[in-house]
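Undergrad: Chain by chain, the residues:
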Amino acid sequence: MFNFDAIIKSLSEVGTTILAVLLIVVLLEVLLYLILVKWLKVKNSLVYMLISPAILGLLVLQVYPLLWEGYISMTNMSLSHFFNFDFIGLKNYVRVFTEPVLKQVRFFPLFWRTILWTAINVVFHVTGGMILALLLNREMKLRGFYRMLIIIPWALPQVVAAMAWRGEFNFEYGWINIMLKNIGLQPVQWLTSPIPNFAAMCIVNIWLGIPFMTVILLGGLQSISGEYYEAAEMDGASNWQKFWKITMPLMQPIMSPAVILGTVWTFNTFNISFFINQYELESSDILVTALFRAAFQYNRYGFSAAFAFIIFFILLIYSTIYARSTGALKGVKD
Amino acid sequence: MTTQRATINPSTLEQKQPKKRKSNFFRANRGDSKFKRLIIHIILILYCLISVYPLLRIFSVSLRPGNRVLSTDLSIIPPDATFENYEKVIFEQGLFQWIWNSLAVTITTAIIGVIIAATSAYAFSRYKFKGRTTLLIYLLTTQMIPTAMLMVPLYILAINLNLIGTYRGLVIAYSVTSVPFSIWILKGYYDTIPTELEEAAIIDGASPLQAFWKIILPLSTPALAITFLFNFSQAWNEFLIARVILGSNEAILTWPLGLNRLMGQYLVQWGQYNAGAILVSLPVMILFLAMSKYMISGLTLGSVKG
Amino acid sequence: MKTFRIFMVFTILALAFAGCKAQVEVPTGDVIIQLWTQEGESDNAYQYVVSLTDAFTALYPNITFEVVQKDTETLREDFQTASLAGAAPDLLWTVSDHAGPFTTAGLIQPVDEYFDMDLYVPSVVMNDSTWAVPISSGNHLMLIYNKDLVAEAPADTDELIAKAEELTQGDTYGLVYNATEPFWLVPWLGGFGGSVFAEDGVTPTLNTDTMVNTLQFLYDLKFTYQVTPESIDYDTADTLFKEGKAAMIINGDWSLGAYKELFGDKLGVAPLPKVTATGIYPAAYTSGKYFMLPKDLAGDKLDAAIKFIEFATNEENQLNQLSTLSRLPGLKSVLSNEAITSDPILAGSALAMSYGTPMPTVTEMRCSWDAMKPEMNLVLAGSETPADAAAAMQAATEACILQLE
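Residue numbers (our numbering), protein chains in the order written: chain G, 1 to 334; chain B, 335 to 640; chain U, 641 to 1045.
Okay, chain G solo, but in the shape it has when bound:
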């Protein structure tokens, strides 16, 4: 059951890791202190000292790989040009748009499919989450019990949930088709037909994402003081008006980050699309899964690097717009 050697080894590994990190950070800080404060006498050097561990770590572990990928994206590295690849400039970037990305699927259909996937999921997440939050925002018996059960999908590891649902979509033995048969409807080929497979992916991701939204929206609802509603009632407002004129505007600051983060996460969700698509239907791929396949199943390293950068730039544009519009880039003193 336990390998005691491994336990000791893991503890010592943890110890050395912490020591290593401490050492690096202390060295870094001392170096910066000497350079910035004593030598260059920079104002606000504390700031730079505070953020430098994070920035250094990111530089090494993310910027370097990104630069490497950037270089590779401009070569024709693949299986047949594994060690001896040539520089081909921006040709890969052009090819992402003009050639099929995988066997048959092209970039723009993939892009629109990913947008569709994101839109469907986010709409259902928010709607479902809002309905559940509204229902739970009452004093009732069993409220804690409901909340506990509703959170379960969120706490389940994504891969486990994907595998479990994949089993449920099995044609012969899955619960869904058995239920359909019992009602008298035709069972559906969830795993082998394009449109049902896409629907299956959406169902699973919606199931996984509603708890998160519910929890956030519920918190938001609870922070709205009841005085607004009392005052509105005194003015004779209907329930509908109360919702749209009070609840929604006051929920804005909470909903916006949640919706936007949810959008980005859904856009990039790899696990669901990869695992539900058991038979590798190209019609069920979204951008990130296609990227993975291009890189690792087809070994088109240069091409997939360019592909990855294009996805990255799309998200970069989106996130810049989001950050500016919500003022999240400003600090406290702006």
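Since the hints were made in silico from the structure, they are not lab data.
If you're wondering where the values come from, they're calculated on a predicted model, not measured in any experiment.
No false leads were mixed into what you were given.
List time: in silico EDC-like cross-link candidates among lysine to aspartate or glutamate, alpha-carbon distance up to 16 angstroms:
| no. | chain 1 | residue 1 | chain 2 | residue 2 |
| --- | --- | --- | --- | --- |
| 1 | G | Lys9 | B | Glu584 |
| 2 | G | Lys181 | U | Glu870 |
| 3 | U | Lys914 | U | Asp796 |
| 4 | B | Lys368 | G | Glu139 |
| 5 | B | Lys422 | U | Glu681 |
| 6 | U | Lys885 | U | Glu805 |
| 7 | B | Lys370 | G | Glu139 |
| 8 | U | Lys1013 | G | Glu280 |
| 9 | U | Lys862 | U | Glu805 |
| 10 | U | Lys882 | U | Glu901 |
| 11 | U | Lys862 | G | Glu172 |
| 12 | U | Lys885 | G | Glu172 |
Add chains B and U to chain G, keeping to what the hints say.
TA: Chains B and U only, in chain G's frame:
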């Protein structure tokens, strides 16, 4: 009483200064018909069933002897239920060893990540400096880099830095990837704490660092807890980077790598996989439930300006 | 006269040495071999690998092994990445179709100069070099049947269909197989006289009458004769057979272990029945597991690896493998051993293998698999005609091959 169609403006309502009362949205609650309440309970119960059913199915497969993942029998507890899959995955496969490894890596990652993020986020929140906006945007976009893109260069880098097959490598990789998101959350939270508190402390003779340590940090406990939790859950479930870095060292596999070994090319050990999945999900679920109160308050506090 | 005799002695010696491979000595220093294998634990194969390395270390204590298990796709990806970073392992124990990508990228070295390949079953040969040493052979599909339901294996496909129709009633099916993977399609393609590649081994020949007939045959099994379930994948087929709800299953030698445990004497094994229309036996793809040597392996590690391979493929260990894993050997001499001929299951498996054809290991094969899979699924879902599917397969394969750069 005239029933007018009122135009409702939250800002004018604020000026009315009514007494603070704890009340819910549907204050008409008390007047709700029994029927309405029944419907609401039914809806909630239905949804709870949908939420929980797949988990119960995983559980029932784990109770079946052998490898019977598929069966037309829909009962949750199969007639020949047995714990043999649990025994096999714990004793023969060493599930608890994997869980231990995951815990070691994840807790270390979460702690280091929180420490680095807490200090960096403070700088972003309180100081205006050149390149701040660019850095903040960069931090946000790192969330969006598909991991697949980084796997090959990360591997090469890890080999050159001698990080392959060690916890060092994995912890550093996880901490670094979780830092950007943590900084955003903590910065949002810090932004809601008025600067007057630190300024008062500095006037009283404290250094900026002391102000941070003694005043800001204690106030930010909820946000720190949430950051810890998010880092923990991200590292706990992570597969791709673990595969790159730990792939060759059998002794210290984390649980995603471990469970993955139960999947052969055609033969998957479903019974044991599901048993392992249940055992692995339990600690996380308990942790989530215990901390869910913190999570709600933290996520909203950061975005609602006071 | 004396000079002539000396000359003869030298000639004979020279000829004798020409047939010899370089004799490798066991290294004396400490050597650690990192062995990557895709053998899993679920069929006890991983444990077998470890037992072999342990036995070798017992013989030569200075040579130790680090056995790392990765699943098939992961092993291929990681080996490529590791080679790129200059950190490749020392020895591979894996499937034959990995040789394709590895030779294209120049990551492994030929084995002809270290081993006498005539001793082994046909191995991976590309560009006039052999790239792998077989440890076990097989991995082929065959007809496995439940003797309680089917007394004797059908001799040809008409008989197969007739028997299956008789047995398909209620919730029992006559025949099941993994209808989602093209691996189960290619034997029938051979039976109808076709093949995935032309003579040169790299030009795809998928848009042919033989392919159309094959797809039509599979379509008929499901829709016309209705002897197979509506939707079957590997797990479904396996479960049905194990539960006794399927009379016959087309599955591979890796599954024999579990079936033998369940059915004992009631398990029957036979080659796939010959196609009535052509009289040809279906040619299942045979491969097996192979040792491969990374390109930069040299010096003591190379010698140790070669010695280990010799050890693992010697007659004693091959017979051991036979009894432990029920896998047919890579060493030719063991194939005709009594241990196989006297066991009906192994004999049936060996017979089935004899009708098979080696699985192509070229990189282009990957393109063919990827092209055949979705089309096969579409035909079996009734959404595409066999003719259209064959054409689509050909087009997709050609497009993919072009992209192989």
